[in-house]
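Work out the full structure: start from the sequences and follow the hints.
So the sequences go chain by chain: B and G. Numbering-wise, the first sequence is residues 33 to 351 according to our numbering. Numbering-wise, the second sequence is residues 33 to 351 according to our numbering.
Keep in mind the hints are simulated off the structure, nothing from the lab. Check before you lean on any hint, since a few could be wrong.
No distinction is drawn between identical chains; accordingly, a pair holds when it is met within one copy or between any pair of copies.
[To be verified] Here are the simulated lysine-lysine pairs, BS3-like style, with alpha carbons at most 30 Å apart:
{"no.": "1", "residue 1": "K258", "residue 2": "K291"}
{"no.": "2", "residue 1": "K158", "residue 2": "K257"}
{"no.": "3", "residue 1": "K257", "residue 2": "K345"}
{"no.": "4", "residue 1": "K258", "residue 2": "K158"}
{"no.": "5", "residue 1": "K82", "residue 2": "K326"}
{"no.": "6", "residue 1": "K239", "residue 2": "K287"}
{"no.": "7", "residue 1": "K99", "residue 2": "K239"}
{"no.": "8", "residue 1": "K239", "residue 2": "K174"}
{"no.": "9", "residue 1": "K257", "residue 2": "K239"}
{"no.": "10", "residue 1": "K257", "residue 2": "K82"}
{"no.": "11", "residue 1": "K314", "residue 2": "K233"}
{"no.": "12", "residue 1": "K312", "residue 2": "K287"}
{"no.": "13", "residue 1": "K312", "residue 2": "K257"}
{"no.": "14", "residue 1": "K258", "residue 2": "K345"}
{"no.": "15", "residue 1": "K99", "residue 2": "K180"}
{"no.": "16", "residue 1": "K326", "residue 2": "K292"}
The structure presented is a predicted model; accordingly, all values stated were derived computationally and were not measured.
There are 2 protein chains.
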Amino acid sequence: MAPMNQWIKIKAPATVANMVCGFDILGFAVNSPYDEMEMRMVPYVENGPKIIIINIDQYNLPTDPEKNVAGAALNALLLEYEEQFSNTTIAFEVKINKLIKPGSGVGSSAASSAGAVVGANYLLGKPFTNDDLVRFAMNGEKVASGVKHADNIAPCIFGGVTLVRSIFPLEIIALPSPELHVTIVHPQIEVKTSDARSILKHQVLLKDAIKQWGNIAGLVAGLMKKDYDLIGRSLEDVIIEPVRSILIPGFDALKIACKKAGALGGGISGSGPSIFMLSKEKETALAVEAEMIKLYTGLGLAHHTYVTTINEKGVEVIN
Amino acid sequence: MAPMNQWIKIKAPATVANMVCGFDILGFAVNSPYDEMEMRMVPYVENGPKIIIINIDQYNLPTDPEKNVAGAALNALLLEYEEQFSNTTIAFEVKINKLIKPGSGVGSSAASSAGAVVGANYLLGKPFTNDDLVRFAMNGEKVASGVKHADNIAPCIFGGVTLVRSIFPLEIIALPSPELHVTIVHPQIEVKTSDARSILKHQVLLKDAIKQWGNIAGLVAGLMKKDYDLIGRSLEDVIIEPVRSILIPGFDALKIACKKAGALGGGISGSGPSIFMLSKEKETALAVEAEMIKLYTGLGLAHHTYVTTINEKGVEVIN
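This is the structure in structure tokens:
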């Protein structure tokens, strides 16, 4: 266990969930952007707070631990820690410098929840497994979106590409992947997760589902075989993307332009509005970025782009 | 190219299609049972037949090449051969000793089609790829079931576990797998493929489809990681099996008994009536067989069982 009052620094990466055909099951972490956090244990003072959240960014997110995603995640962790390991009560102080813009669709809330529980686990001497940490962090996602989901939490904590095979009971499988360059564009529009959920159809055609699971099997095999062509051919979503992409201006044209520039493929990150593309080479990822900038400049829409790679480590504690 | 009139022997394995969650995409070949075939090239006599089928088994299958699955597959091959490689016309003589009972659900028709085209390709000096051969053999499946499908043809020709990622255009991916023992029971009832198709719903719930593709991703990852537990947990079908299993007496009880005996999991082979179970150890596969015999003996239903392994080679030519 770390000494009281000793600060640690944490890097919590952005993540891409709903990896094309892998809606609700496949996601990955990226090296940029990421949130910076600082965290320490402090002695608990009777009737005092167990969790103190200090935002050192521009977003004015709630600091009430019940309403803050990191707070909700830490609450779940502390509850189990006190039950299992300790009779003494501990308090955490957390400073959050959010560099991943909330609402951008690249796991901003997941980064805070995951960063907080990985940091707490480190400070406590690592009593919990990664699976436990995902479970705790999902409470943060519930605060953020109303639904306990692990789509972003899993890759944020495990790093790399992750498969959430099952949510109840939770089962996360780390998938090996070859080097992949990731280009992300965040058009500065708002897509509410609730809207992105509500426009989905509850039923899908069996023939489309079969096509989708052929692509999912192909994508997993392609990643594990390091077969870039197979990855590219499998990056096709016939179920979710055709419905959700209408919420994102320029989506279809962007995808065509990026693939023409050499991208293997890509799609909506999470529930949008960010769009990601995967490339085999860095030069291609840069050419893809140029296409993204060109398109959204042409549409007169403010936007941010990132050219990055898959983050293999997940949340990092820097002592 | 082989000399005229020289006979070759062919072993064409049985196959399991619709591998639990992998409906229409995942299948594998087994070492037992298999069809035996003999084949030779003979000079074409003007106005004579290009394909001569001789059945040396008990099943009285049609010998008219248009109506025989091996004949239809060979017709497709010959047509392309003549177009691409030759101006001279060749004829084939094929003797089929069918040891895989037609209608049992373990790829009896696929074995004949696949065996014939692999044999012909060998005799012609291997002008065609395995993908070409699958394409030709699918014409046999059309004769057998009215639908060109590669579910059984792909594993029969490639061996091992195969993924048919896409049918148009055809794309087959060989998946590595760990050693797996396979127990198959064929209850002697008739399940018409057309009935098994017609009871399927055209629409499925999105939440079920997501569960299914989580399992498919888990199964592919489990096979490639040689993770038996993951394979076992992923062998779950929430879409097709609940509908089709009502056509097979004793299905639910059998599955429970086999898993209790140690099977990793399993399900309906093809469109049934055969049921297959996968096990890590041979002893388990034998214990599973005992459960199958016990159950169908108890139900007073005639049945055959096989205890075998995954066939890694596919159709074999024995010169």
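A quick look at each hint next to the structure:
no.: 1; hint: K258 to K291; in the structure: within (19 Å within a copy, 34 Å between copies)
no.: 2; hint: K158 to K257; in the structure: between (33 Å within a copy, 27 Å between copies)
no.: 3; hint: K257 to K345; in the structure: both (21 Å within a copy, 20 Å between copies)
no.: 4; hint: K258 to K158; in the structure: between (33 Å within a copy, 29 Å between copies)
no.: 5; hint: K82 to K326; in the structure: neither (49 Å within a copy, 61 Å between copies)
no.: 6; hint: K239 to K287; in the structure: both (24 Å within a copy, 27 Å between copies)
no.: 7; hint: K99 to K239; in the structure: between (42 Å within a copy, 28 Å between copies)
no.: 8; hint: K239 to K174; in the structure: between (33 Å within a copy, 19 Å between copies)
no.: 9; hint: K257 to K239; in the structure: both (27 Å within a copy, 29 Å between copies)
no.: 10; hint: K257 to K82; in the structure: neither (47 Å within a copy, 42 Å between copies)
no.: 11; hint: K314 to K233; in the structure: neither (37 Å within a copy, 45 Å between copies)
no.: 12; hint: K312 to K287; in the structure: within (16 Å within a copy, 44 Å between copies)
no.: 13; hint: K312 to K257; in the structure: both (14 Å within a copy, 24 Å between copies)
no.: 14; hint: K258 to K345; in the structure: both (19 Å within a copy, 24 Å between copies)
no.: 15; hint: K99 to K180; in the structure: within (15 Å within a copy, 56 Å between copies)
no.: 16; hint: K326 to K292; in the structure: within (14 Å within a copy, 60 Å between copies)
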